[in-house]
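J.: Letter by letter, the chains look like this.
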Amino acid sequence: MKLCRCLSDLFRNFVILAVLGVISSNIFIESATTAPTNAPTTATNNATTQQPTTQPPTQPPTQPPTTTTQPPPTTTIPSGPRTIIGETVIGQCLCDLTGNKCDINCCCDADCNGDTSAFVCNEKRVVVDGKKCYPESIFVFSNSPATTATESGGLFCIYFDNYKERNFYLDPDFILDISSFNQYSYQYGNPSRQLPEDIPDPVYTFYSYYKSGDPIYIVYPEEAVGKFVIPDSSVSNQCNDQNTLSYLQEVNTECTRVISELNTECTTTPSFDARSFYDGFKVVTTSGLFGYVVNGTFVGITTVTTPPTTTTTTTVAPVTTDNNTAPASSTTAPPTTTLLPIFTTQPPNVNVSTIQNLYDNPYTLDIDVSSLPHLCLQSDGTLIDCPAGNISSPTYDVASNTCQNVVQEVRYILTTDGTNGITRVQAQFVFRDVTNASLPLTQRYSATFNSISDSNDTFSRSGNPGYVIGKPILYGTLNVTTAVIDLPSDPTQGFTIVRASPTGECSTVSRIPIKFGENMRSGCLVKINVASLNGSEVCQTIQTEILQALEGPNSPPNNNKYVATFGNTAATKIGDWVSILADNRPTGSTGDTTSCKLSMGVHIQVLYSNVGALANPQAKIIGVAYLYDSAKDVIFQCSGAFCQNSNANALQSFEVSQTVSFIDVSQPATQFAGEAPIFIAKVPNDFFYPFLYYASGSPTMFGADLGLLVVCAVLVTLFTNMKCLLS
Amino acid sequence: MAVYEVFSHPELRRYRTHLCSKASLLLVLILFLTFIPPLFIVYRSYGFWKKTDTYREYPTIHFKNELLMVAELEGEGNYVTYSTFQRYNALEQSHIRIPLIVSREEDVNGDGKPDNLIFTMELPLLDTENIYGIRLILLFDYQLAQFSTLTMEGMAYISHDNPKSGARYDVVGELRFSQKEPLGHRGVESRYNTSIIDSTSIYAEDYNFPNIFKNYVARNFTTYLNAPYTVWSTGRGADQPFVLSATINYPEQLFDYTPGFWYLIKWGWVQYVSVLLLFLFIFDRIKVFIYQNQLVTTIVDKPWKQELKLN
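Line by line, the protein sequences are chains A and B.
To convert a position in the first sequence, counted from 1, into my numbering, add 1.
To convert a position in the second sequence, counted from 1, into my numbering, add 9.
These aren't lab readings, by the way, just hints derived from the structure by calculation.
Ideal placement from N, C-alpha and C gives every residue a C-beta, glycine not left out.
Be aware that a few hints might be false.
Mimicking DMTMM-like on lysine to aspartate or glutamate, the simulated pairs with C-alpha atoms at most 20 Å apart in a straight line are [to be verified]: (1) A/Lys598 <-> A/Glu546; (2) A/Lys283 <-> A/Asp242; (3) B/Lys60 <-> B/Asp265; (4) A/Lys212 <-> A/Asp202; (5) A/Lys472 <-> B/Glu114; (6) B/Lys73 <-> B/Glu20; (7) A/Lys228 <-> A/Glu266; (8) A/Lys283 <-> A/Asp381; (9) A/Lys528 <-> B/Glu101; (10) A/Lys472 <-> B/Glu131; (11) A/Lys212 <-> A/Asp242; (12) B/Lys73 <-> B/Glu115; (13) B/Lys122 <-> A/Asp361; (14) B/Lys173 <-> B/Glu131; (15) B/Lys173 <-> B/Asp248; (16) B/Lys223 <-> B/Asp248; (17) B/Lys73 <-> A/Asp630; (18) B/Lys73 <-> A/Asp665; (19) B/Lys122 <-> A/Asp418; (20) B/Lys73 <-> A/Glu519; (21) A/Lys283 <-> A/Glu223; (22) A/Lys283 <-> A/Asp178; (23) B/Lys189 <-> B/Asp265; (24) A/Lys472 <-> B/Asp207; (25) B/Lys296 <-> B/Glu20; (26) A/Lys528 <-> A/Asp630; (27) B/Lys189 <-> B/Glu131; (28) B/Lys60 <-> B/Asp215; (29) B/Lys275 <-> A/Asp687; (30) A/Lys228 <-> A/Asp242; (31) B/Lys73 <-> B/Asp207; (32) A/Lys472 <-> B/Glu115; (33) A/Lys212 <-> A/Glu546.
Stretch by stretch, here's where chain B covers chain A in the computed footprint (C-beta under 8 Å, at least three residues) [said to hold, decoys possible]: (34) 229 to 243; (35) 441 to 448; (36) 499 to 512.
Calculated from the model, a selection of chain B residues having no Cβ within reach of chain A, i.e. all distances over 12 Å [to be verified]: (37) Met10; (38) Arg25; (39) Leu35; (40) Val79.
Start from the sequences and build out the full structure, keeping to the hints where you can.
T.: What follows is the structure, given as structure tokens:
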């Protein structure tokens, strides 16, 4: 009952408040017409007399402008009158768009001399009325020039409007200086305003050195500076020659060159010529060299008119005295005073005294093309060392219609030495002969970075220790006499699956390496002639051929094939290698003159498990098995038109397939319950969602909740103990 | 000394009458009017019984390593095709071109469910061949566990045709679930855990794309590939394969389901009681007015009279 009465009071109050609200809103509208708070006419006057501000345009104003009280600063007009528009309605005849001519259907055009009876007046009459005393439909539909006297006299009709300015735009002044222009632009512009682009160029001093990701620079004999490029495909497969090589970022790219006329373009295409990849420029070893470039011009030693004698002494002095050079030369060459920073926590990278010009100095390197043997791609796809001698440009052989000595691949090997930058750049080329059939030509480019401290016998791991996804699986054959796993020379050619040629034949030369974590499927076509099917010996031969094609060199029967459990397993630790299992490997085959029972597929399954900490799982291979399709009848299928024109003896192709699957068999972490279990009220993990959510989201909300909880708890305690308190 | 209210509490006034009287009748009528109309109001304003509701779940999706591919070559009717189904490959013997298929499913957030599929298919081509279009069906295993235990086979369809011969086609998208009816709130739903492509069939029509699609769309639960971001690159070099690369995301999704009994009752109760409270209040005021002013005759028991009697 008390609750009901309380509610009724509440309801009554609400009704009263609502009525009051409606009344007061009416009063407010009336008062708005009688008591304007500001005098905007003076505001515009203020604006015209205000001085231009010197506020920097990069700082947007802290408070939004209120146009009536604080108009943005504008400048006074130096001369000439300007039209003050103020509170007048302008644009009363919007359709009069031709001077000295009566615009068609424009009834308000003065050039028509009032002869508008044939017109359909299409101008929209603009009626400024903020009184809300007329229904809006009148303004939309009435074309009549007669004034409308209909008054709806609604609840919100304003009878006396003594604040007419609210119906008119403020009329800002011209902007005559750039700072207030920028201020307007920042105040009123939105993100779609198009700003001048401002990406700063890197600034280099004598103390600079290449960092990982910096572009590597080159200089040309005419002292022009460029960037070391490595072509790459971008939006299409065609090579983009402007792709910059970054310091310490290895790249491996592949892109195509489209040539239409081989005979003419063979010798003129720069990308076919090995010289364009090393000749005619030098590599800048350290970006400290550009401490000498000020405002795009080189200011080296040559600009110093009379080198002081101290300079000559420091050229033979060790690097530690380089700091003496700068003040000495600064006395004679004013530009260099701005170059050298005052703080010298470490010696500068560049010995100023040794630089005579930007191209020819100790900090530029020629690309070394003679230390590594160049390779030639033969017509059968193999690589051999090219005959020794100079690198020659492409030549066109008219007889065989071949462009010879074309660059197929460029390999850059850059040797680095910490902050000293690049110490050596080597290039190795792969050349080939190009005919019209091998166009468009696919070129490969790579750049690798070595450290000067690297030893010569480097090798790559497939993980340390757990396998990394996409790395080749380490594979080898156990040498029983030496008890060492013999690894293949190229780790990517160890554990492989078959690759089909475009015609579907099983390729024996080029096989696909199995990479960790990548499921694969491949296969090829085995061609069988029905005429040769005459007994189980033939079937046996075919089965052997199929297995040879699929397994390749990985044939597991002699049980000496092993796979490393970890990506960094050493070849000598035999215990860390697992042998490859083979299940149900077909050994024989039966058949008759029309069919053979053949196993047509090999499936490699790799079981791996994550070991180590849950936060840092390391993949470990625990087993590899070859699984074979069960033998099935392979019948020469000859049906329909294909067989009718004596094709019955033709070769028929059957698909054999090979798959690789990786199966994660990670064992879950074992859980251990310590104490004897007490009763735990199990609730779903989102049962206390709002408390937990806010607790993790914002501490202030949690604080508020905590406060509320405390108050609630106190109140509940008080009420429950009321009786005992009173008695 | 001003007097102020220290404490107050209400007192109970009792109205007594016979069973067969106007007052009793009125009470029954008011009771009826109090409890029944809120039910109608709640029902007529719709949504009284929440017949369907939504929930979010990460589906468990696995690429089944099964596909059916057709690549359109230059020239009328020239194509090469491949599938992981031996019967189909035997049917299309003269057009079979065996690609290299590499796929990998990543679990980025470590919840034990794959989050995306990285799929690459390298299709070897002769230098005289040019690819102008590709159609590819990828098959997925799709599982839900939160309410209804759903297991089904889903499909992603990649299709593109281009007037320029291609070197590479990149597809980036996500595999989305589409349902024609709400899922159940419990039970096992394995109606559609059947093959979309009948790989045991030796009939060409079973591998016809329109037939596959017709049968697939007839299912109540399907998946589709939402991939607006695709790039067709041209300029294939000599001896290079055509590469199709697809990155397919498995997103968390909103599912419609039919809620269970207690869920319906809970939300029905919440809606009914909120209206009932208003009615209880109004009719309580009416009852007070009627009985206080003796519009129907009752015997009034006033508490202070009893106290007087006691004294």
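J.: Against this structure, judge whether each hint is valid.
T.: How the hints compare with the structure:
Between lysine 598 of chain A and glutamate 546 of chain A the CA atoms are separated by roughly 14 Å; this keeps the pair inside 20 Å, and the hint holds. Between the alpha carbons of lysine 283 of chain A and aspartate 242 of chain A the distance comes to roughly 18 Å, so the proposed pair stays at or under 20 Å and holds. Distance restraint check for lysine 60 of chain B and aspartate 265 of chain B: the Cα-Cα separation of roughly 10 Å lies within the 20 Å cut-off, and the hinted pair is therefore satisfied. Distance check on the hinted pair: lysine 212 of chain A and aspartate 202 of chain A sit about 16 Å apart at the alpha-carbon level, within 20 Å; holds.
Note on lysine 472 of chain A and glutamate 114 of chain B: the hinted pairing holds, with a Cα-Cα distance of about 16 Å set against a maximum of 20 Å. For the given pair, lysine 73 of chain B sits about 76 Å from glutamate 20 of chain B by alpha-carbon distance, which is inconsistent with the 20 Å threshold. Between the alpha carbons of lysine 228 of chain A and glutamate 266 of chain A the distance comes to roughly 26 Å, so the proposed pair goes past 20 Å and is violated. Restraint check for lysine 283 of chain A and aspartate 381 of chain A: not satisfied, since their Cα atoms lie roughly 36 Å apart, outside the 20 Å limit.
For the suggested pair lysine 528 of chain A and glutamate 101 of chain B, the alpha carbons sit about 15 Å apart, so the restraint of at most 20 Å is met. Taken as a hint, the lysine 472 of chain A and glutamate 131 of chain B pair is honoured in the structure, with Cα atoms around 19 Å apart against an allowance of 20 Å. With a C-alpha separation of about 23 Å, the suggested pairing of lysine 212 of chain A with aspartate 242 of chain A is violated against the 20 Å cut-off. The hinted pair formed by lysine 73 of chain B and glutamate 115 of chain B meets the criterion: a straight-line CA distance of about 14 Å does not exceed 20 Å.
At roughly 60 Å between alpha-carbon atoms, lysine 122 of chain B and aspartate 361 of chain A are farther apart than 20 Å, so this suggested pair is violated. For the given pair, lysine 173 of chain B sits about 19 Å from glutamate 131 of chain B by alpha-carbon distance, which is consistent with the 20 Å threshold. Distance check on the hinted pair: lysine 173 of chain B and aspartate 248 of chain B sit about 18 Å apart at the alpha-carbon level, within 20 Å; holds. A hinted pair counts as satisfied when its Cα atoms are at most 20 Å apart, and lysine 223 of chain B with aspartate 248 of chain B does not qualify at roughly 38 Å.
For the given pair, lysine 73 of chain B sits about 18 Å from aspartate 630 of chain A by alpha-carbon distance, which is consistent with the 20 Å threshold. The suggested pairing of lysine 73 of chain B with aspartate 665 of chain A holds, with an alpha-carbon distance near 16 Å, which does not exceed 20 Å. Distance check on the hinted pair: lysine 122 of chain B and aspartate 418 of chain A sit about 45 Å apart at the alpha-carbon level, beyond 20 Å; violated. For the proposed pair lysine 73 of chain B and glutamate 519 of chain A, the alpha carbon gap of about 14 Å is at most 20 Å, so the pair holds.
Only pairs whose Cα atoms come within 20 Å are accepted, and lysine 283 of chain A paired with glutamate 223 of chain A is accepted, the gap being roughly 11 Å. At roughly 49 Å between alpha-carbon atoms, lysine 283 of chain A and aspartate 178 of chain A are farther apart than 20 Å, so this suggested pair is violated. Note on lysine 189 of chain B and aspartate 265 of chain B: the hinted pairing holds, with a Cα-Cα distance of about 10 Å set against a maximum of 20 Å. The straight-line distance between the Cα atoms of lysine 472 of chain A and aspartate 207 of chain B is roughly 36 Å, outside the 20 Å bound, and the hint therefore fails.
Pair hint lysine 296 of chain B plus glutamate 20 of chain B holds up; C-alpha atoms about 17 Å apart against a cutoff of 20 Å. A threshold of 20 Å between alpha carbons decides the hint, and for lysine 528 of chain A with aspartate 630 of chain A the separation of about 18 Å falls inside it, so the pair holds. The hinted pair formed by lysine 189 of chain B and glutamate 131 of chain B fails the criterion: a straight-line CA distance of about 36 Å is larger than 20 Å. With a C-alpha separation of about 38 Å, the suggested pair lysine 60 of chain B and aspartate 215 of chain B falls outside the 20 Å cut-off, and the hint is violated.
At roughly 19 Å between alpha-carbon atoms, lysine 275 of chain B and aspartate 687 of chain A fall within 20 Å of each other, so this suggested pair holds. Restraint check for lysine 228 of chain A and aspartate 242 of chain A: satisfied, since their Cα atoms lie roughly 11 Å apart, inside the 20 Å limit. Distance hint between lysine 73 of chain B and aspartate 207 of chain B is fulfilled; the C-alpha atoms sit about 14 Å from each other, no more than 20 Å. Between lysine 472 of chain A and glutamate 115 of chain B, the direct Cα distance comes to roughly 15 Å. Compliance with the 20 Å bound is thereby established for this hinted pair.
Proposed proximity of lysine 212 of chain A and glutamate 546 of chain A is contradicted: the alpha carbons are some 55 Å apart, above 20 Å. For a cut-off of 8 Å, the count of residues in the segment 229 to 243 of chain A with a CB near a CB of chain B stands at 5, and the three-residue condition holds. Closer than 8 Å: that is the beta-carbon criterion, and the segment 441 to 448 of chain A has 3 residues meeting it against chain B, so the requirement of 3 holds. With 6 residues having a beta carbon nearer than 8 Å to a beta carbon of chain B, the segment 499 to 512 of chain A meets the requirement of three or more and the stated coverage holds.
In this structure methionine 10 of chain B is separated from chain A by more than 12 Å, as the shortest Cβ-Cβ distance comes to about 25 Å. Listed as a non-interface residue, arginine 25 of chain B keeps its Cβ farther than 12 Å from every Cβ of chain A; the least gap is roughly 18 Å. Even its closest Cβ contact with chain A, about 19 Å, leaves leucine 35 of chain B beyond 12 Å, as expected for a residue assigned away from the interface. With a closest Cβ-Cβ approach of about 16 Å to chain A, valine 79 of chain B is found to remain outside the 12 Å limit, as its non-interface label requires.
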